[in-house]
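Could you build all of it, start to finish, from the sequences and the hints given here?
Residue numbers (the numbering used here): 2 to 453.
Watch out, some of these pointers could steer you wrong.
[What the hints assert, rightly or not] No farther apart than 25 Å at their CA atoms in a straight line, the calculated lysine-lysine pairs in the BS3-like style are these: (1) Lys318 to Lys17; (2) Lys444 to Lys251; (3) Lys318 to Lys272; (4) Lys17 to Lys251; (5) Lys318 to Lys175; (6) Lys175 to Lys251; (7) Lys28 to Lys318; (8) Lys17 to Lys28.
Calculated directly from the structure, the hints in this document are not laboratory data.
Remember, it's a predicted structure, so these values are computed and weren't measured experimentally.
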Amino acid sequence: MTVTHERYAESALVSKDRYVSREWLGKEYERLWPNVWQMACRLEQIPNSGDFYEYQIGRQSILVVREDEDTIRAFHNACPHRATRICSGTGNTETELRCPFHGWAWNLDGSVLEIPDADDFAPESLSRKEIRLSPVHVGVWGGFVFVTTAEEPEPLLEFLGPVVDGLAPFEVDKMRLIRFRTTVMDCNWKVGLAAFNEAYHVEATHGWDLSGYASGRIPKLAERPDLRDAQGRTPGAYQFSYEAFETHNKMRNVPESYVASPTFGSLGDPKTIALQMIEMNRSIGLAHQDDVDYVDAMVDVPADVPSQVFMTDVRRKVGAAGGVDYSHLADEDMLSAIDYCVYPNLVGPISAGNWILFRFRPNGDDPDTCFFDVMFLHRFGDGETVPAVEHEFYPRWQDHDGWGPIIGQDLANMGHVQAGLHQTSFTGLRLNRQEMGVRNFEKFVDRHVLGA
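Pasting the structure below:
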């Protein structure tokens, strides 16, 4: 398989200050986060009238509320009386929003419902316009609720741009959240995002024994299989393509890798290897238990069929059995892990019926840690039961060993990156073609933080 491309020419270092400086983090809070669209939650997390979801970014809390079947609202989560946070976490507030401190209340559209003992206030301090809840702009796309505190934001679909058209065939609005985890990572939020926004790391990070990541064990070089092509290039160079837009970027497996995948027979017992591969994909959110069950029920798995061709056929048949039609998707797109980085803080690969989405948010005023959210989404057929989802929280990512081996390897790198950024000898990131998405993202940050 030969993939050609133009010689990459960008050589400027990316300054390390943006990853370690409290001053830079403060500028992000001031200039970046208030002026961009941010994914707050999924619609299925607020399915009923009165449901609310608190989205936090730094010290700012935004309350997303379902007013009725067709209307989603969002407000700054502070009572205009004494600044009390009105709602925390997620839940249902029925027909009103009421401050727990002094009982001020609002309708679900943010208008004033009740001010206890209103006669004891100076009339000038109770202007109905000033004491209604302060609204936040809301947009909905693909089953996600986006918010922005910008005064006059560009329309959400214009901000998302190529992401909307690129993901349209996957019908993400019909997917449903099946697992939601949050942990605290020992790195800057942009370091975490960048770890999933390039494939240059595939050989070194993932191309070896997949056990022992949580303990921090470093495998010996002898454990690595040979993943390089005839020209000596690593998988990130020959197996992925990269595209940068003015806002957002994309990487994906090249179509050639679909038919070039190894056969099961070349790797061992066909059924055993097939189950191992599908289980691996399931652990990272790119397959589902239905795929595992289908293959497990097979008497024979063909030994001479390329693995990706076989698993694509399985996905189509499993989808059809559940009433999901994937006939509009090309074979090479079914399991290709098309990976959009949706600025400012979302990234994750999607395949037919499955999407794992990573979200990174800064942790207060600490540039060396961040919140890491992982959302697993799956496409269910008509009549299939969608499981209830509990939000899992782990104060340290090492406290949970269920990330799956591949994600766990990525997480194990991040603290080492952050520590290295503090070395006096290190001045900045030098990025290659496979990391063009990281560079493009930092240019986006610069436009907001520096006005560049």
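* For the pair we were handed, Lys318 and Lys272, check the Cα-Cα distance against 25 Å. => holds (17 Å)
* Asked: Is Lys17 close enough to Lys251, meaning Cα to Cα at most 25 Å?
  -> OK: Lys17 and Lys251 at ~24 Å, within 25 Å.
* Is Lys175 within 25 Å of Lys251, Cα to Cα? -> Distance ~22 Å between Lys175 and Lys251 Cα, so the pair holds.
* Going straight from one Cα to the other, do Lys28 and Lys318 come out at no more than 25 Å? -> Distance ~51 Å between Lys28 and Lys318 Cα, so the pair is violated.
* **Pair hint outcome, Lys318 versus Lys17 [Cα-Cα no greater than 25 Å]** => This hinted pair is violated, its Cα atoms lying about 48 Å apart.
* **25 Å Cα cutoff - pair Lys17, Lys28** => Distance of about 15 Å is within 25 Å: holds.
* Pair hint Lys318 and Lys175, alpha-carbon separation not exceeding 25 Å -> holds (18 Å)
* Asked: Holds or violated: Lys444 with Lys251, Cα cutoff 25 Å?
  -> holds (15 Å)
In this structure, the earlier hints numbered 1, 7 are contradicted, and the remaining ones agree with it.
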